[in-house]
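Peer 1: Letter by letter, the chains look like this.
4 protein chains.
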Amino acid sequence: MSSDLVMAALRAFVEERDWAQFHSLSNLARSISIEAAELLECFQWSDDAEQERVEAELADVLTYCLLLADRLHVDPDAIVLAKLEQTKRKYPVKSARGKSTKYDQLPD
Amino acid sequence: MSSDLVMAALRAFVEERDWAQFHSLSNLARSISIEAAELLECFQWSDDAEQERVEAELADVLTYCLLLADRLHVDPDAIVLAKLEQTKRKYPVKSARGKSTKYDQLPD
Amino acid sequence: MSSDLVMAALRAFVEERDWAQFHSLSNLARSISIEAAELLECFQWSDDAEQERVEAELADVLTYCLLLADRLHVDPDAIVLAKLEQTKRKYPVKSARGKSTKYDQLPD
Amino acid sequence: MSSDLVMAALRAFVEERDWAQFHSLSNLARSISIEAAELLECFQWSDDAEQERVEAELADVLTYCLLLADRLHVDPDAIVLAKLEQTKRKYPVKSARGKSTKYDQLPD
Numbered sequence: 078m079s080s081d082l083v084m085a086a087l088r089a090f091v092e093e094r095d096w097a098q099f100h101s102l103s104n105l106a107r108s109i110s111i112e113a114a115e116l117l118e119c120f121q122w123s124d125d126a127e128q129e130r131v132e133a134e135l136a137d138v139l140t141y142c143l144l145l146a147d148r149l150h151v152d153p154d155a156i157v158l159a160k161l162e163q164t165k166r167k168y169p170v171k172s173a174r175g176k177s178t179k180y181d182q183l184p185d
Numbered sequence: 078m079s080s081d082l083v084m085a086a087l088r089a090f091v092e093e094r095d096w097a098q099f100h101s102l103s104n105l106a107r108s109i110s111i112e113a114a115e116l117l118e119c120f121q122w123s124d125d126a127e128q129e130r131v132e133a134e135l136a137d138v139l140t141y142c143l144l145l146a147d148r149l150h151v152d153p154d155a156i157v158l159a160k161l162e163q164t165k166r167k168y169p170v171k172s173a174r175g176k177s178t179k180y181d182q183l184p185d
Numbered sequence: 078m079s080s081d082l083v084m085a086a087l088r089a090f091v092e093e094r095d096w097a098q099f100h101s102l103s104n105l106a107r108s109i110s111i112e113a114a115e116l117l118e119c120f121q122w123s124d125d126a127e128q129e130r131v132e133a134e135l136a137d138v139l140t141y142c143l144l145l146a147d148r149l150h151v152d153p154d155a156i157v158l159a160k161l162e163q164t165k166r167k168y169p170v171k172s173a174r175g176k177s178t179k180y181d182q183l184p185d
Numbered sequence: 078m079s080s081d082l083v084m085a086a087l088r089a090f091v092e093e094r095d096w097a098q099f100h101s102l103s104n105l106a107r108s109i110s111i112e113a114a115e116l117l118e119c120f121q122w123s124d125d126a127e128q129e130r131v132e133a134e135l136a137d138v139l140t141y142c143l144l145l146a147d148r149l150h151v152d153p154d155a156i157v158l159a160k161l162e163q164t165k166r167k168y169p170v171k172s173a174r175g176k177s178t179k180y181d182q183l184p185d
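Those protein sequence lines, which keep their order, are chains A, B, C and D.
For the record, in the first sequence the residue sitting at position 48 is 125 according to the working numbering, with numbers rising by one throughout.
For the record, in the second sequence the residue sitting at position 68 is 145 according to the working numbering, with numbers rising by one throughout.
For the record, in the third sequence the residue sitting at position 63 is 140 according to the working numbering, with numbers rising by one throughout.
For the record, in the fourth sequence the residue sitting at position 48 is 125 according to the working numbering, with numbers rising by one throughout.
Take the hints with a grain of salt, since some may be wrong.
Identical chains share a label here; the pair holds if one copy fits it or two copies do between them.
What the hints assert, rightly or not - SDA-like mimics (lysine to any residue), calculated; alpha carbons at most 25 Å apart, straight line:
#1 K160 with D81
#2 K176 with E127
#3 K167 with E127
#4 K176 with R166
Think of the hints as simulated: they come from the structure by calculation, not from any bench.
It should be emphasised that the depicted structure is a prediction, and the values quoted were computed from it without experimental measurement.
Okay, chain A solo, but in the shape it has when bound (with noise of 0.2 Å):
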């Protein structure tokens, strides 16, 4: 499937419902976080959690990211890639391999 379809099919959606006029920077970082905490509540209680839930909550966490990044006019593969490369030589393989260490305080 290619993503050109997903973020036309989004568009779609909301001009139909006109509310490009509520989705902001700002609002959109907002949603983003609101619908990674109901994310997150699947695993409140328990590190299991029933696996539809947790796609449907991550659909919508993926739904508002893909708003953010068409506002931005952005593709969000390519972000991604970029943050990959900058990610990768602060994590280099030789001194972050098997920890979860932060960067900031791995060996040199």
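Dock chains B, C and D against the given chain A, drawing on the hints supplied.
Peer 2: Below, chains B, C and D alone, put in the same frame as chain A:
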């Protein structure tokens, strides 16, 4: 760009660092909330934010979302489209157009 | 220790820096989410965390909660107790005891 | 009102329902993030929100903060005041007055 390429790049990044051991569903859900809040921090004191910083933080949220989708063995685009169908039914154009009202408070 | 003393110390801190201008209800709510995620970050990759770090992050969440209560002209203790009465009714001891089930899924 | 009374009421509420078993540090931290996002949801599409709803959501955040403080065996007021001393040093009146700039970007 194809999302398969992005997914392959993320998987290689994780595998080289032996980090799959940290990527339980619960830990990835926590990570999405944490990164979503860093995105929100761009808008903590103002609705304006620097585009470059917003892009970088959005990329972090998307990265963990893709990793979680991969752990769930689901296609990100497929779950977004499936959820969109549900949301369309919850927010009919007729009653939801031009309003930011939550679905459970919309008129019939 | 009296919460009045804490509130007075926070108000003096804000006033000396002329920061009330940034403390709209919406900005304080964003700040609470941002600090809550920094607290969550203590537990990103493990359920164990360093006590001192958790205390410091919890203090930040509490600080913004107190500032928001002050802006709302409500007493933090009073709203906690008022909400507790509601929660007691939503989670009767008889049906909720020993379960982490959400109230809308509890048996009658 | 004394916070000791609030703490005693919360402890009794938890004990009657045998819920301490769910209140690990990690689960309480997740709960604080989840409730913080419900508070943020009051401001999802607008900076205006209904006072009563904001109070109720703030009460939920505070409740989990108090439960976490109790699990950490710390006094909420004491940790807020201790952190305030640190924050004062990070944001000297002279350089921080009237600005929302983060401490690491303040002029010396």
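Peer 1: Which of the numbered hints are not met once you compare them with the structure shown?
Peer 2: Hint check: nothing fails, all pass.
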